[in-house]
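Trainee: Listed below are the residues making up each chain.
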Amino acid sequence: MSTATAHGERSGIFTPFNLIAGVILVGGAIILTIRFTTGLASTTNLSNTNPWGLWIGFDVMAGVALAAGGFVISSAVFLFGMKEYRPIVRPALLTGFLGYSLVVLGLLADLGRPWRLPYPFIKQAGPTSPLFEVSLCVALYLTVLFIETTPAVFEWLGLKIWRRLVGQLTIALTIFGVILSTMHQSTLGAMYMVTPTKLHPLWYSSQIPVQFFISAVAAGISMIIVEGWISHRAFHDQVQTSNDQFRDINFGLAKGAAVVLGTYFAVKLVALSLENEWRLLATGWGAWYLIELMGFVVLPCLLFTVAYREQRLGLVRLAAAMTVAGVVLNRFNVTFIAFNWKVPHSMRYAPAWTEVWVTVSLITLAVVVFRWIAHRMPIMYEHPDYPALH
Amino acid sequence: MYHTLFDFLTHTEGATYILIGVLLIGFIGFWRFLTERERGV
Amino acid sequence: MSMSRRGFVGSLAAGAGALSTATTEATTVEHFEGYPGRYGLLHDTTLCVGCRSCEVACAKVNALPEPEQPMGDLDVFEKLRRSTATAFTVVNRYQDGDGDEPPVYRKLQCMHCNEPCCATVCLVHAFTKTPEGPILYDPEVCIGCRYCIMACPYYALAYEYDNPIDPRVMRCTMCYPRIKEGLNPGCADACPAGAITFGRREDLIEVARDRIRKFPDRYINHVFGEYEFGGTSWLMLAGIPFRELDLEEGATHESLPAIGTSYLSVVPLIVTIYPGLLAGFYAFTKRKDKLAKAELEAALAEARAHGEEEAKAKLALAAERAKKDKEKAVETAVRKALAEQGEGGSS
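Chains as they are written, first to last, in my numbering: chain A, 1 to 390; chain B, 1001 to 1041; chain C, 2001 to 2347.
Any given hint could be a false lead.
[To be verified] Keeping only pairs whose Cα atoms sit at most 20 Å apart, straight-line, the calculated SDA-like set for lysine to any residue is: (1) C:Lys2286 / A:Asp385; (2) C:Lys2079 / C:Val2049; (3) C:Lys2290 / A:Gly81; (4) C:Lys2290 / C:Glu2302; (5) C:Lys2286 / B:Thr1035; (6) C:Lys2079 / A:Ser47; (7) C:Lys2293 / A:Gly81; (8) A:Lys83 / C:Lys2290.
[Said to hold, decoys possible] Residues from chain C that face chain A, not an exhaustive set, calculated with beta carbons under 10 Å: (9) Pro2070; (10) Glu2140; (11) Pro2153; (12) Asp2162; (13) Val2169; (14) Thr2252; (15) Leu2278.
No lab work stands behind these hints: they were computed from the structure. Note that the structure is a prediction, hence the values are computed from the model and not measured. Ideal Cβ placement from N, Cα and C applies to all residues, glycine included.
Please model the entire structure based on the sequences and the hints provided.
Mentor: Shown next as structure tokens:
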């Protein structure tokens, strides 16, 4: 069933993208139905030894890190006055909002009793728990992101007064967003401080909160580059930035990413040094650690550096993709690869295909929603009726 | 009196969360009071 | 027996040395002794014969299904087991008997730590350390995040993964209802070999030290659980090194809650420092923009004034030139007229 538009083109519901996305989403829905009617055992490889798997490792841990671009770009533009990045504020915030929504959805699939999600705030609080702090911050930050996404919606709906009201909150929301992001990005790492015997010493550190925060900034910037790469092509007709402007933005991001990754590398070296763990690098686990550190932190750092110096956009994108992969790898290592490293092989964890499918479904859902919003609302461009306030 | 570190932390960290919530909201008021002049009031 | 709340930690055998990030080092270090007179259990692994009566008794007392592998089935020891959602305790064989050496068994269950990790990481405070010693779990508030299971260093907690409606965390309860009635835990009563002794923790430590004193060749000179990770309610004696019983040797005396929450003192600092700091950055940015704008306006004004003068001069010059041109044109016209008049007069 396709409908001819006013211009005589054929635009159908059954595009290849929609079909593939549809299959993925329907499959995910089926798996989740089974999960909620028969329990986690039927659709996951979780066990008493491995209570956290892919849904925590990717949907929650990696998801939050990859959605960090929102607070990075909004603070750059609104707090540090870097106006040249204005055009990407809205895409970055939308990516952030959808990313955090994905985190909550993934969490709802993983929790034993997801309908009790609000319990820490309405029934009984456990303030000693790092997870309490994470859930409080994520709940608040999701609200902040939601409000920061509404200007585009109000513009689309022509609600001028609401738009103005929300616009006046920008600075306060941005500051609050940076506070919340710093806290929960770090605390996600801090959740592992309580497991010194279970997380391999090369990944376990008293500085893991700082490491998580810095890598999240790198991941956020890299996701903005990746998202911009796809959006610039997919929404080409809407984009108002010139090619030069777009290139400059990417190179600026590359410069920032290079510095952040370099800082992250330095912080990791300091951790090795303080705990005198150099000899551990010569073990099998050490080799795996070096693959993560050298291949997915140092290498993209160098690529970003060269890309900025030589102004090579393709290299920027390659570095960004590698950084994203590297942060995901780090979160996987901390959550289930280097975690439980002493447990006998037969009791180790690997994700079930159903877990992978659900994760892919959630990502697909985020992409579908992003597309839907960006096609209709002023995300990739500035609405002519609403001049920039700040 | 607290017999365990766990009980102690439950109470102190709980109280501290509430405190920082109040301080954060208080800051907004403080900032607006401080910068009243700039808003042409 | 006192546990320091924040102290400097020596490097751990497992290489997990966690230097506390305590940004606020108290001038007086807090000491928490735990509830006085609380109970514990002493497990003497040199006396355990692996009969697994404790497993059967535990299942009976807690209305759980009987162990799948019946007592007397020695195949069960082929693999190391852990407690499950339907078995709060299991007995493992860690060393086969060979010739003179008897086999070595150990009973696993929740250790009922002095400073419980599970309680500290629970975001709904579902765990309580009772004055009597046992740690209790409240399934009425549990949301099923399983952080407790992930954190427990003894792998003592299990989850009902096949339950979609009301899955619970399952673990040994130290028979709390029985203790309240003045009875012993089920396993302690059931053990025929005297490998499990129930009593006040401080007394049991004395008993354990006494046994080591009396039989130094029989026991490793260490009461496991006295101080490890802040100490546990289950104390253990062994004749072989504890690491061979799958227990972490050289664990810090600092409790895991102390380690796990030392970072949380940073959170309030972020909330209190960031607002001023970030508002400051915003003010700096606005000020920079304001100054840049002012400079631009000044330059424009100057350019305008300069341009006005130039324009005036140009205008004057043009007017001058126009005047001269006009005068010249008039002169030419007059000369022409006069010349024509002269010519017209001669004809």
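Trainee: Give a verdict on every hint.
Mentor: Each hint, compared with the structure:
no. : hint                  : in the structure
1   : C:Lys2286 / A:Asp385  : violated, 24 Å
2   : C:Lys2079 / C:Val2049 : holds, 17 Å
3   : C:Lys2290 / A:Gly81   : holds, 12 Å
4   : C:Lys2290 / C:Glu2302 : holds, 18 Å
5   : C:Lys2286 / B:Thr1035 : holds, 13 Å
6   : C:Lys2079 / A:Ser47   : holds, 17 Å
7   : C:Lys2293 / A:Gly81   : holds, 13 Å
8   : A:Lys83 / C:Lys2290   : holds, 14 Å
9   : Pro2070               : violated, 23 Å
10  : Glu2140               : holds, 9 Å
11  : Pro2153               : holds, 5 Å
12  : Asp2162               : holds, 4 Å
13  : Val2169               : holds, 9 Å
14  : Thr2252               : holds, 8 Å
15  : Leu2278               : holds, 5 Å
Violated hints, in rising order: 1 and 9; the structure is consistent with all others.
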